[in-house]
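**Q** Each chain, written out:
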Amino acid sequence: MSSAAAAADRWRRALAWRMWAIRMLNGLPVCLGVAGGMLLVLRQCVSAWSWLFSLAVFAVGFGGLAVVAWWQGRGGVQSVPQLLSRMDYLGGNGGLLAASLECPIGKWAERIHVPNRLPLPSLPWSTIGWRLTAGLAFAIIAMAVPVYRRAVSAPTPVMDISAETAALQEKLQALEEHQALPENLAEELRKELDKLQNDNDGRQAAQTLEQLEQLNGELEQAVTEMERRQAKAAETSEMLAELAELLQAHDGDAMQAAALNRQFQELMQSMAAENPSLQDLMKTCCENGQMPSGKELAEALRRLGKPGDSQSGQRDNSQQSLRQWLQENAPESCSGLCEMAEAAAKEGEEGEPDAEAVGVSRGRGDAPLDYTGLTADANGPRQDVGVEVDIDPEQSRLQGQFAVAPQAEETAAAPQAGTLSVGTGGLKHHERIIRPEHQAIVRKYFNP
Amino acid sequence: MEEPLLTPEEMAPLQELLNKILSETGRMLLGQEALHRMLLVGILSRGHVLLEGLPGVGKTALVKVLGHLLSLDFKRIQFTPDLLPGDILGGNILQTTATGEKRMEFQPGAIFANIVLADEINRASPKTQSAMLEAMQERSVTLQGETHRLPEPFFVLASQNPIEQEGTYPIPEAQLDRFLLKLQVKGVDAKTLARIVSERRRGETPPPALQLSRQELERLFQAMERMFLSQAVAGYIGRLVEAAHPDSSSVALVRQYVHYGPSPRGAIALAEAARGEALIQGRPTVGFEDVAAVAEAVLNHRLILNYQARLDGVSPEQIVQALLAEVER
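Line by line, the protein sequences give chains Y and S.
Numbers given in the working numbering equal positions in the first sequence, counted from 1, plus 62.
Numbering follows the working numbering, with no gaps: position 310 of the second sequence is 295.
Hints listed in this document are in silico derivations from the structure and should not be mistaken for laboratory results.
These figures come from a predicted structure and were not determined experimentally.
Don't take every hint at face value.
Unchecked claim - The calculated label-pair distances, taken between Cβ atoms and stated as ranges, are: (1) Pro155/S <-> Ala196/Y: 52 to 62 Å; (2) Glu313/S <-> Ala196/Y: 31 to 41 Å; (3) Arg72/Y <-> Thr190/S: 52 to 62 Å; (4) Pro166/Y <-> Gln196/S: 35 to 45 Å; (5) Pro191/S <-> Lys169/Y: 38 to 48 Å; (6) Pro166/Y <-> Pro93/S: 45 to 55 Å; (7) Pro166/Y <-> Arg199/S: 30 to 40 Å; (8) Ala179/S <-> Pro166/Y: 45 to 55 Å; (9) Arg199/S <-> Lys169/Y: 23 to 33 Å; (10) Glu313/S <-> Trp187/Y: 20 to 30 Å; (11) Pro155/S <-> Arg72/Y: 52 to 62 Å; (12) Tyr292/S <-> Trp187/Y: 34 to 44 Å; (13) Arg136/Y <-> Gln196/S: 53 to 63 Å; (14) Leu102/Y <-> Gln241/S: 39 to 49 Å.
Said to hold, decoys possible - Examples of chain S residues toward chain Y, derived with CB under 8 Å: (15) Thr(-8); (16) Pro(-7); (17) Phe213; (18) Ser215; (19) Ala217; (20) Pro269; (21) Arg314.
Unchecked claim - Residues of chain Y clear of chain S, computed beta-carbon distances all greater than 12 Å: (22) Arg80; (23) Phe124; (24) Gly137; (25) Met317; (26) Ala321; (27) Gln382.
Beta carbons are placed, not taken as given, at the ideal position from N, Cα and C, and that holds for glycine.
With the rest of the complex left out, here is chain Y (with noise of 0.2 Å):
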């Protein structure tokens, strides 16, 4: 390559790169205000935004550029013996360089004269300088523009609903132990709560606590009838026993205690057949021959409504209550009954024995009357307490054995002197179902 085709194609090289470079000047404000539009835009709408993102932003932009500028560049650099023409003009070799491209120009070659400097076209800063001045504003305003940061919503969490199922479980299991649910409810219910279970994705988080919360009320209106079924039937066989201990101690001729005793049988009949249990100690009683005798049929129909109760025979025994009882639920047919109930509810009106000399037994040692706390030797072996001699007898007979300590209702009428407070409220606590999962600690209370 001789020295003037060396020196075309390093201008031609040069003329490239300022071609470029001028493309690229009249071109950055136009980038500038696109990446500037760009900007403003995302801004707005990408919350998470950061400078790194402006950064691609304008390195795109940028990048663009320089390659369309390389691209539009590329058609306005002359090819070399366009070139070596002009040099042939600006050196003054009078066509010479320009022939040489075309035939041998011997001698000639000497005289050819190459410039050392080739004019490069100038760049366009006084044309540019507002427009870029304006684009480089725009640029920095939209970078300027704060970011729009939308409220971000935390991540809905999975609810957990493990311990309301474990617990409804519970209370299920609980049920159909006591056969509180007919099988197929306690079937349904559940599959409804293995659903449950397995169907939360925690997304519809109130509707499944909705489910939880009517399986629950469910469950809970099942236990509620489950313990007015026990509270009657608990009722029911205490009146008979307070009835069978009553006609026991009736003192009247043979027929008219046969004819109660056949009223007894008959209203006993007519309670089982809403009550299982009754129905089946009478079942009972009918594969042996013979009715028991009106103590261990009071002492059956107590345990048969406070199971697990071996103090069933030192219960309180109202009459009032039987009577009213008796009234309410005895046949026509057993007036007899109610005739004697009444007598001995009358009997019992006179003679009430003094409250405060019997006391209320609170259970093993002495505690603060607070209902709270156990008695300081709650946990230690049963002990058999004397009674005091200087007591009446009948008036240190043992009531009752109860969870609670006996509270007085505020609507009752506070206790005569004289008479048994829990006579009043201390029965009706008393007679309260325990539920089925205290049941074990409360057995547990009474027989360690």
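Keeping the supplied structure of chain Y fixed, place chain S upon it in accordance with the hints.
**A** Chain S alone, transformed into the frame defined by chain Y:
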């Protein structure tokens, strides 16, 4: 490439000869070196030259000196309104031969010379002008079916006075195109005038110290045949002529003031004149600068300006300068 380029050894004596011609012309006619140079370009290009200038600026003297230096047959025709074509071209005259036979013989007119000075050509009638211009184009004269070749080389160096328009017949543009160059003969400066006054008694030119032989002139013409015009320069000439047309020009002055641009003959003339300029410069190739040097003389009478140009005082020379400045080389 039909013939190789002129070597520097071949070019050197030619350039020396041309320099001698120019220096001798300059010695005999003081000042106007550029004019002498362009006239020599016209001679080397075998083109006709129109000299335009005020009376007394040395147009006729220049042509006479040049004819003498080149050892060419020189004739002068003073154009007047009553000049007839026959006065220029010649005619058949009835002659009696030695045997007594009478026949028509062609009597050549004043145009049968190597250099014809058509003085004040615009004073002749269009009919005479057209007869003259036909001979210029064809380099032959046809009378009554007989074609008579004009001597080689044949140059018409015409002159015209731009200020005296009364009783003149301006040369039509189509005929102006026949002239290779149109040169403006301007006055000289005070310093030159002082030399003229002091060295020229009664305006007589000193006797010539140089006279070329026909062989030397022929060598110059042969060298002209070997002048190389590169494609790049030819392309430049083409762009220049194209840009002189208002329809295809990117030059604002051309679009605004030019009514018609040069014809292809103008491009050919430009190339030929550039060859002559290159030869005078002592180079075997035509360069861009050679084209630029002769462009004004070649193109100024081929640019037909519109009325707006006349009102704005825009001259063809300004248009040519704008073309040279804006057309890319």
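**Q** So, for every hint listed, does it hold in this structure?
**A** Outcome of the hint check:
1. Against the hinted window of 52 to 62 Å, the Cβ-Cβ separation of Pro155/S and Ala196/Y comes to about 58 Å, which satisfies the hint.
2. Against the hinted window of 31 to 41 Å, the Cβ-Cβ separation of Glu313/S and Ala196/Y comes to about 33 Å, which satisfies the hint.
3. Roughly 55 Å separates the CB atoms of Arg72/Y and Thr190/S, a value that falls within the hinted 52 to 62 Å.
4. Look at Pro166/Y against Gln196/S: about 37 Å separates their beta carbons, and that is inside 35 to 45 Å.
5. Range check, Pro191/S to Lys169/Y: Cβ separation about 39 Å, and the 38 to 48 Å hint holds.
6. Separated by about 47 Å at the C-beta atoms, Pro166/Y and Pro93/S satisfy the suggested range of 45 to 55 Å.
7. At roughly 32 Å, the beta-carbon separation of Pro166/Y and Arg199/S lies within the given 30 to 40 Å, and the hint holds.
8. For the pair Ala179/S and Pro166/Y, the supplied restraint of 45 to 55 Å holds, since their beta-carbon distance comes to about 51 Å.
9. For Arg199/S paired with Lys169/Y, a C-beta distance near 30 Å keeps the hint of 23 to 33 Å intact.
10. Taking the beta carbon of each, Glu313/S and Trp187/Y are about 23 Å apart, inside 20 to 30 Å as hinted.
11. At about 54 Å, the CB distance of Pro155/S to Arg72/Y agrees with the hint of 52 to 62 Å.
12. Separation of Tyr292/S from Trp187/Y is about 42 Å and conforms to the stated range, judged on CB atoms against 34 to 44 Å.
13. Here the CB-CB span from Arg136/Y to Gln196/S is close to 60 Å, well matched to the stated 53 to 63 Å.
14. In this structure the hint that Leu102/Y and Gln241/S lie 39 to 49 Å apart at CB holds, the actual value being about 46 Å.
15. For Thr(-8)/S, the suggested interface contact is upheld, since its CB lies about 6 Å from the closest CB of chain Y, less than 8 Å.
16. This hint holds: Pro(-7)/S has a C-beta 5 Å from the nearest C-beta of chain Y, less than the 8 Å allowed.
17. Because the smallest distance between the Cβ of Phe213/S and any Cβ of chain Y comes to about 5 Å, under 8 Å, the interface hint for this residue holds.
18. Annotation: interface hint on Ser215/S holds; nearest CB of chain Y at approximately 4 Å, less than 8 Å.
19. A cut of 8 Å between beta carbons decides the hint on Ala217/S: the least distance to chain Y is about 4 Å, and the hint holds.
20. The interface hint given for Pro269/S holds, since its Cβ lies 7 Å from the closest Cβ of chain Y, which is under the 8 Å cut-off.
21. Interface hint at Arg314/S: satisfied, since its Cβ lies 5 Å from the closest Cβ of chain Y, which is below the 8 Å cut-off.
22. Remark: the non-interface label on Arg80/Y is consistent with the geometry, its nearest Cβ contact in chain S lying 17 Å away (cut-off 12 Å).
23. Non-interface call for Phe124/Y relative to chain S: holds, since the shortest CB-CB distance, roughly 32 Å, exceeds 12 Å.
24. Separation of Gly137/Y from chain S is adequate, the least Cβ-Cβ distance of about 15 Å exceeding the 12 Å criterion.
25. The claim that Met317/Y lies off the interface holds: its Cβ sits roughly 148 Å from the closest Cβ of chain S, which is beyond the 12 Å cut-off.
26. Residue placement check: Ala321/Y keeps its beta carbon more than 12 Å from all beta carbons of chain S (closest about 142 Å).
27. With 12 Å as the threshold on Cβ separation, the claim that Gln382/Y sits away from chain S holds: the shortest Cβ distance comes to roughly 129 Å.
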